[in-house]
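Chemist: Protein sequence lines correspond, in order, to chains A and B. The first sequence begins at 1 in the numbering used here and counts up by one. The second sequence begins at 1 in the numbering used here and counts up by one.
Do not take every clue at face value.
Stated by the list, open to error - Sample of chain A residues lacking proximity to chain B, with all beta carbon distances greater than 12 Å (derived):
| # | residue |
| --- | --- |
| 1 | Y33 |
| 2 | L47 |
| 3 | H51 |
| 4 | D57 |
| 5 | K61 |
| 6 | I112 |
| 7 | L122 |
Claimed, not checked - Distance condition first, Cα-Cα at most 25 Å in a straight line; then the derived BS3-like pairs of lysine-lysine:
| # | chain 1 | residue 1 | chain 2 | residue 2 |
| --- | --- | --- | --- | --- |
| 8 | B | K178 | B | K82 |
| 9 | B | K127 | A | K61 |
| 10 | B | K82 | A | K34 |
| 11 | A | K39 | B | K36 |
| 12 | A | K44 | A | K61 |
Bear in mind the hints are in silico, worked out from the structure with no lab data behind them. All C-beta atoms in this analysis are idealised placements derived from N, C-alpha and C, irrespective of residue type, glycine included.
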Amino acid sequence: MMEHQHYSGLISLDIPLISNLDVWNNIALIKLYKENMPKREARKLVLKLLHRYHLEDIAYKRSTSLTEEQKFCVMLLRAAMVHEAIIVIDRPFIILHNSKDSRFMEDALEKIDDLYKQCHILEYIWNKSRYINNDAE
Amino acid sequence: MKILVEHIGLSFLHTTQSLKETLLFAFKVVSRILDKNAYNSAVRMVLTDQIYFTSVQILPLFLTVAAIFGSVLVVILMLMVKELGMVQYIGRFMIGFMVNELSPFITVLLIALRSSAAINTEIAVMKVNQEIKTLEVFHIDTINYLFLPRIINGVISVVLMNCLFSIVVLATGLLFSKLIFGMSFNLYADVLLNSIYFSDLLILLLKCITYGVFITLIPILYGLRATNELTSIPVSVLNGMVKVFIAIVIIEVLSLIIKLM
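All chains, full assembly: derive it from the sequences and hints.
Modeler: Shown next, in the form of structure tokens:
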């Protein structure tokens, strides 16, 4: 894990969205900071990515006005912005606590599967049955 | 007696420790200001936003305060000068007192009241919400991304707003010098220009820069001292703002001592 630290895009309730930034800024932050991507280009990229989830209308909202699904998608996109991202989702059902199974999460991951190298989900063993594609170790 | 000595000793140690921490943090941040690698798209965006919040949004209020406060003080000053028969020193009073002393003091007070409190709260809320941790997890340097733009903005805002305040005060001075002394524009400009000294301007600039650094750096430092509890936010803002006002007074006194030397 340590050797992949720079590539890991963590998604966790303990790593919240930045509250004084709007959605597009939260997602673009890594590109703006690490790759020095110009603001206009970064915004265009984020809007294109939000379109994959049909969420362009939340681009200028703050995290407090998002639903849990929207928040999850934004966190996912933010994590996917890490170069050669290895996405690690920490107990997704804590973020998506109204979801009965992993369908929404798996759909969301599939829509951006070109943006990350690997994805790992850390979950309690008693939640195993909630996963549709169950290949847990 | 022993308890009193212990209490004095403890508060002295606490104060020196706090001062040491502030100065070390200031050194760390100022050294980053000179590092060109610290600047990127994200930092520039934060800097632009901060300048807008601190210097542009406050403009109507600032100009009103400058015009009202400046006019009242200029009238009082000119009437006193007239009464004491010291009209020949009017330029020295206007530049030495109004521009060099009063203008930066009021400017820094207005900016500190608005922006220092906002910065302190913002950083404390980020600390409580674990948003600082978010930045660390994504390897975003908090000094470069959060602190540097706010401190640079502090310096830029205090220097520019002080210039603006001085211009407003000198403009009202022109109006009242005509009304009270019957001075023409040319004479007023002449009197002012003859009263300006390079050393005074240099001290004024250094004072504004120091104000700008400390009225943003101290709130950041105290914001970071917030714990994970919501109740620590008002405590952190209260302590931070008290220290900001102490810093303003210390800087003012130090600048006066330097001027007297």
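Chemist: Each hint should be assessed against the structure and marked as holding or not.
Modeler: Going through the hints against the structure:
1. Distance to chain B contradicts A/Y33 as a non-interface residue, since its nearest Cβ pair spans about 4 Å, not more than 12 Å.
2. At the 12 Å boundary, the C-beta of A/L47 stays outside the reach of chain B, the nearest C-beta of that chain being 16 Å off.
3. Annotated as non-interface, A/H51 keeps its C-beta farther than 12 Å from every C-beta of chain B; the closest such distance is 22 Å.
4. In this structure A/D57 is separated from chain B by more than 12 Å, as the shortest Cβ-Cβ distance comes to about 22 Å.
5. Under the 12 Å C-beta cut-off, the non-interface status given to A/K61 relative to chain B holds; the minimum distance is some 17 Å.
6. Non-interface call for A/I112 relative to chain B: holds, since the shortest CB-CB distance, roughly 17 Å, exceeds 12 Å.
7. Once the 12 Å rule is applied to beta carbons, A/L122 is consistent with being away from chain B; the minimum gap is 14 Å.
8. Simply put, B/K178 and B/K82 have alpha-carbon atoms about 13 Å apart, close enough for the 25 Å limit, and the pair holds.
9. A threshold of 25 Å between alpha carbons decides the hint, and for B/K127 with A/K61 the separation of about 21 Å falls inside it, so the pair holds.
10. Taken as a hint, the B/K82 and A/K34 pair is broken in the structure, with Cα atoms around 62 Å apart against an allowance of 25 Å.
11. The hinted pair formed by A/K39 and B/K36 meets the criterion: a straight-line CA distance of about 19 Å does not exceed 25 Å.
12. Between the alpha carbons of A/K44 and A/K61 the distance comes to roughly 16 Å, so the proposed pair stays at or under 25 Å and holds.
The earlier numbered hints that this structure contradicts are 1, 10.
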